[in-house]
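*Asks:* With these hints in hand, go ahead and build the complete structure from the sequences.
Order-wise, the sequence lines are chains A and B. Reminder that position 137 of the first sequence reads as 136 in numbering that gives the first Met the number 0, one-by-one numbering, no gaps. Reminder that position 76 of the second sequence reads as 75 in numbering that gives the first Met the number 0, one-by-one numbering, no gaps.
To be clear, the hints were calculated from the coordinates, so they are not data collected in a lab. Where hints are given, some of them may not hold.
With a straight-line Cα cutoff of 25 Å, these simulated DMTMM-like cross-link-like pairs (lysine to aspartate or glutamate) come out [what the hints assert, rightly or not]:
| # | chain 1 | residue 1 | chain 2 | residue 2 |
| --- | --- | --- | --- | --- |
| 1 | A | Lys109 | B | Glu86 |
| 2 | A | Lys281 | B | Glu21 |
| 3 | A | Lys42 | A | Glu277 |
| 4 | A | Lys110 | B | Asp30 |
| 5 | A | Lys208 | A | Glu171 |
| 6 | A | Lys79 | B | Asp70 |
| 7 | A | Lys109 | B | Asp30 |
| 8 | A | Lys109 | B | Asp49 |
These figures come from a predicted structure and were not determined experimentally.
Chain by chain, the residues run as shown.
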Amino acid sequence: MYHNTILNRVREQHLLHSVTLELTYRCNLDCFYCYNDRYLSGKLLSLDQYRVLLNDLARMQTLFLMLTGGEPMIHPYFFKIGNMTRELGFVVSIRTNGHLLGSRICKRLKKEIDPYLVTVSLHGATAEIHDRQTRITGSFDCLIKNIRTAGECGLRMEVVTTPTAWNEHQIEAMFECCDVLGVPLLFQGPVGPRNNGDISPLSIQPAQKTWDLIEKMVSERHEIEKSEAYQNRAVETNKKEPEEPATCSVGMYGVDIDPFGNVQACMHLKESAGSLHEQSIKEIWNHSPLFLQAQNRSIDAAKQFPDHSPRQLGAPLFCLAVEENLHKKS
Amino acid sequence: MQKNGKDTKIQLTAQIRHRAVEEEGVLIHLDNGRVIVVNEVGLFIVQQLDMPVTPKELTAAIAGEFDISTDQAAKDLEKFLAELDAEQAIERSQ
Numbered sequence: 000m001y002h003n004t005i006l007n008r009v010r011e012q013h014l015l016h017s018v019t020l021e022l023t024y025r026c027n028l029d030c031f032y033c034y035n036d037r038y039l040s041g042k043l044l045s046l047d048q049y050r051v052l053l054n055d056l057a058r059m060q061t062l063f064l065m066l067t068g069g070e071p072m073i074h075p076y077f078f079k080i081g082n083m084t085r086e087l088g089f090v091v092s093i094r095t096n097g098h099l100l101g102s103r104i105c106k107r108l109k110k111e112i113d114p115y116l117v118t119v120s121l122h123g124a125t126a127e128i129h130d131r132q133t134r135i136t137g138s139f140d141c142l143i144k145n146i147r148t149a150g151e152c153g154l155r156m157e158v159v160t161t162p163t164a165w166n167e168h169q170i171e172a173m174f175e176c177c178d179v180l181g182v183p184l185l186f187q188g189p190v191g192p193r194n195n196g197d198i199s200p201l202s203i204q205p206a207q208k209t210w211d212l213i214e215k216m217v218s219e220r221h222e223i224e225k226s227e228a229y230q231n232r233a234v235e236t237n238k239k240e241p242e243e244p245a246t247c248s249v250g251m252y253g254v255d256i257d258p259f260g261n262v263q264a265c266m267h268l269k270e271s272a273g274s275l276h277e278q279s280i281k282e283i284w285n286h287s288p289l290f291l292q293a294q295n296r297s298i299d300a301a302k303q304f305p306d307h308s309p310r311q312l313g314a315p316l317f318c319l320a321v322e323e324n325l326h327k328k329s
Numbered sequence: 000m001q002k003n004g005k006d007t008k009i010q011l012t013a014q015i016r017h018r019a020v021e022e023e024g025v026l027i028h029l030d031n032g033r034v035i036v037v038n039e040v041g042l043f044i045v046q047q048l049d050m051p052v053t054p055k056e057l058t059a060a061i062a063g064e065f066d067i068s069t070d071q072a073a074k075d076l077e078k079f080l081a082e083l084d085a086e087q088a089i090e091r092s093q
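*Replies:* This is how it looks when you write it as structure tokens:
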């Protein structure tokens, strides 16, 4: 019903259904393959501007908000912004490295923001491998402890990992690690260039057979388990195919907003449809041609996969931005 | 199912988030992830339930908004409240 009725209506009427807020590009970790360009600069959005934005989005009936970054929880107004999202009735998810999810912060998160989902990033099943990626000693032990704490505080958690040449021998161990923690493990990828076109992260691309193993293991688990953790992701599973095949839903339901107020079709396609310093979100969403252009680029990209099985750099996934950033001059 | 006493006030639980999508509404239950889609009348009722309201007040509001008899409104409301109860989407207070 949701996909057949609501999402179709959202698409047909060009309604803004979900927004990703990149609160900052700063981070308290230093992951080697991070796609963010930390040297991007501009005029940051003020707290008042976030207040105006969130009120506008509520009036536009936007439902889903994701708070991300960089590391969103180091933004000085993270809790104030998060609390506004709760008061205005959004379904909020948070994408964080988990490093700050100690007991006091988790209780505060639950009380002041009450997110639907908190997603944290795992880079390996051992400290040696995870910390190699984050380049912060102790980050693995801290993350594991914090995932337990967050669960005890009533936060719904999930873990996401990107297969790399550094962790590909630990895929099964990462599944086991998450099983012990009682959280689902999801995979994303491929490792792509940084948003500024720097291709050095590609040096740790995993082998093709790693993705084959992941597909096999995920398929086996879905067959056996059909657990509540997956059923509860009702809003994100069982996606109906769009009328015309596209590599993703870019430009269809939502936007990304960077720390400087640029409204973009997605967090990796760094083209501004407009700036919140100059226009309202409603004006940008309703009048910029960028969103339809992004949709069309995604549809065009899908044509190279007549079997509807996209692949990119070995992964059974395709990201338009990765493709375009690969050809960008840094 | 709980009975609706004369002075019982009903409202959405704190775990429900909802939005309008044109004439229809979508509700998300934060605790169990359930997604509930409601029609135009359901959306109107859900929007009234943002604040505590008695069944009598709700019935009058529905009858006025959709130009139907209070008897019909009361019947529709009772059925819809039962569905929201089953979804653990509402709570009652005196």
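*Asks:* Now look at each hint and say whether the structure bears it out.
*Replies:* Hint by hint, here is what the structure shows:
1. A:Lys109 / B:Glu86: holds (22 Å)
2. A:Lys281 / B:Glu21: holds (16 Å)
3. A:Lys42 / A:Glu277: holds (12 Å)
4. A:Lys110 / B:Asp30: Distance ~14 Å between Lys110 (chain A) and Asp30 (chain B) Cα, so the pair holds.
5. A:Lys208 / A:Glu171: Holds: Lys208 (chain A) and Glu171 (chain A) sit about 14 Å apart, inside 25 Å.
6. A:Lys79 / B:Asp70: violated (46 Å)
7. A:Lys109 / B:Asp30: Satisfied, since the Cα-Cα distance of roughly 12 Å is no more than 25 Å.
8. A:Lys109 / B:Asp49: Within the cut-off at roughly 21 Å; holds.
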